[in-house]
Amino acid sequence: MELAATIIVDGLIYAGWLFIVSVGLTLVFGVLNILNIAHGSLYAIGAYAGATMVGAYYSIGGEAFPWGSYVALILAAVLVALIVGPILERGLLRFFYGRDEVLNVLVTYAVFLMLEDIMKLIWGVNPYFVYEPYVLLGDVEIGPLFYVGYDFAVIGAAVVTGLAVWLTINRTRTGKLVLAVIHDPEISRAMGINVPRIYLGAFMAGVFLAALGGALTAPMISVTPGLGANVIIVAFAVVIIGGLGSIEGAAIGALMVGLARAASVHMLPEAELFIIYLVMAGVLLFRPEGLFAKVQARKI
Amino acid sequence: MSPMILTAAALAACTVLAAGAVLLPDWAMFLVTMALAKGLVSLGIVGMMRGGLVSFGQGLFYCLGAYMAAMVTNVFGVADIVLISVVAMLATGAAGAALGPLLATYRGIFFAMLSLALSMVLYGTFAKMSSIGGTDGLTVLTPTFLGWAPEGLALQTALYAFTGFVTVVAGVLMRIYFNSERGLITLAIRANELRVEYLGASVRNAMAWNYLFGAMLGGLGGAIAAMSLGHVDPEFAFWTTSGEFVFVAILAGYLSVPAVFLAAIILELVRSFSNLYFPNTWQIFLGAFLLAVIFLLPRGLGSLIERKRTGDKE
Amino acid sequence: MSIPILTATGVNKSFGAITAAENVSVSVPEGAIFSLIGTNGAGKTTFVNMVTGYITPDSGSIKLRDREITGIGPRGITRLGIHRSFQIAQLCNDLTVEENMLVALAINAKEPPSFFGSGRSSAARKRARETLERFQIERYANMLIPELSGGVKKLLDIAMAMAGDTEIMLLDEPTSGVAADEKFPLMDLVIGVLREKGVTVLFVEHDMDVVTRYSERVLAFYAGRIIADDAPDEVLSDADVRRYVTGAPA
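Residue numbers (this note's numbering), protein chains in the order written: chain A, 1 to 300; chain B, 301 to 614; chain C, 615 to 864.
Watch out, some of these pointers could steer you wrong.
Chain A is faced by these chain B residues, among others (derived, beta-carbon under 8 angstroms) [stated by the list, open to error]:
id, residue
1, 306
2, 308
3, 410
4, 418
5, 576
6, 580
7, 581
8, 596
Take a look, some chain B residues computed to stay more than 12 angstroms from chain C by CB distance [said to hold, decoys possible]:
id, residue
9, 321
10, 371
11, 386
12, 399
13, 441
14, 449
15, 461
16, 497
17, 509
Here chain C is said to cover these stretches of chain B; the calculated rule only asks that three of the stretch's residues, wherever they fall, bring their Cβ under 8 angstroms from a Cβ of chain C [claimed, not checked]:
id, segment
18, 390–398
19, 485–491
Just so you know, these hints were derived from the structure itself, not from any lab. Note that the Cβ used here is the ideal one computed from N, Cα and C, for glycine as well.
Take the sequences, apply the hints, and build the full model.
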């Protein structure tokens, strides 16, 4: 019983993190039809930027108001979205709209390669530690176990993020425009929707969400090169399971993967590194396009 | 391509490689050996690309072949490179035959991601198995060549010669296969698989065969790489390793077999040179290079080497 | 009295709220030439897709002579001798006309396709050119698909579908996308070749001149139902057909 509770709590914590990290990836695919391998790099940039911002914040006397470090983290993600988003979208990706999906994967793979080294150029190869925001929320006691409060805050952040994205798409005017573009960019254009602006906005939102994932994670880990390469495959698994382009799918996928991972860690540690991909392979066997995939139109 | 032209091309390749054995310093021979071994894996990817599928998980077979080499030398003490190559190909062939029919039902992104997932499963499995070295991996004994156990420069040259020979044979066989009826049907699948089904052929069957050949080539490349490096580790199955094989395949394109090995050699040269002088920036160049190829040479280097069959048009 | 070569009995198919086929029953004698007419969305192409295995009916049965073929996929249907052409010609754009034909022939040859025997052997190319010649497109043999006119693409589409033993040929809008003055020559050629081989033909058409000139019997579709099944003159003067299909004045 205790084991089950531990697995559920661990699973939820991991699922929350997974959702924040993956929702941007599925959003970008849904709108732009691009599976962005560089999403992991954007996550890493967010982590580095977050670490840098928090470091800067504390160096200008932030200890006086430690909660400001959280603002610093979120601000870091915003800055990454504002700077990197337009460069990538206007500078490169817009030439590949409507092209073959696998070709677009290769393009973003090239971006991934470049960003890995660009990060090394900007932030060097030594690890960054910013533990202060992590310990700020103290510990939470559940039964005999102690959890770090920050981990639960991440779950909260995941819920807030998910609701925000869902509400924006389904309840705002902009969201309706985005839905129109998702279904048919050409008709949307014909109806007067500024499709390039929607694409840019959606991509920047994706960058923000990736960077947010990284920034929120920075206090939990040591930020080092190679973060991106490890995160992207996990994010892939989640969005493929959930169905490319589906926000709800990303949530369900995150839950499935989170719980599977937690179960594996506690019950079958040898499987920890690959259980995610087994779940993904398993889902694809029964639902070849993921759980909540887009409906395909008739070809002939 | 007539048998005469193919034979001439094979002989030309052998001559160039033989010249290399005489002229190249040992570090260059090692580089070419590794490049050709990896080129074999990329050749398998090209075989699948001709049918419209890009596998992001050939590291699975590369790693499997490499570990087979390590196991045979560590468990049986046998280091004969011919035997090990055959064993590796049989093992990866079995895996490819089992997985191919399953994976061949997927297309596009899903095939790419599923193949990636399977290689990551292998990575995760091997990384956690301390009995086979975990993340440290295993050492591989020095290869012997049908009884002959060379050392030093002779060893390097023997490895180079063996790899060169295997490469030419594999290249010729794949070229013949690409020119066959099944090879032509594969190209048709890439263009319009619905039509091919409606003509009465099984797309799944065709792609499963391409996957099988890719698996065997991957295992062969992995085994040779293992014996050249003297070491294997789970990173062979990590997705970034698979990414490099895809890089070479894209650079080469699917029109020409020699282009694959040329591209592999180019990549190894760039990697060695950059590691020496630009260890933290060479991937920027690599990524930019890939983008340039995608923009300017969408059919890869092969489109420069082989003119399109009808006229000079792209 | 031989059994009909193709029989559909009580076939139904819905896509959500859309009824694409409602109690469709058809009986096609061997060697006949049928045409299928109806507005867009009336269910003609759905019928063709169900006969050729692209879609499975919700209920009902489709038979090739006395053999149940409901639910068999496109590959199996083709192997049984039921072939089709497409509304938008389905060709392999990266290959030449000759190569497209070579692929079709290689797949439908008596022996399975080779692993090492050349796909472009002189014997195979000769056979390919013979088929192309029968459809009068041999002169385009070395051209790539995007360079061809609509009519030539349609002819190649049909030529490829003729590879192997064809018992029934379903032509989906064979003259759409073809210039007005080329429609009759194209149909003369195609129906001529098919007749010569004793193939049973069903073709979907919007052009009533083509319908009256080439078909012995017309099936009129509306909202998934067959509203008329008779000789062309009878069908085209039918009041319902006028109302729901041709729009001709009463």
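Structure-inconsistent hints, enumerated in ascending order: Result: hints 1, 2, 5, 8, 16, 17 and 18 break, sorted rising.
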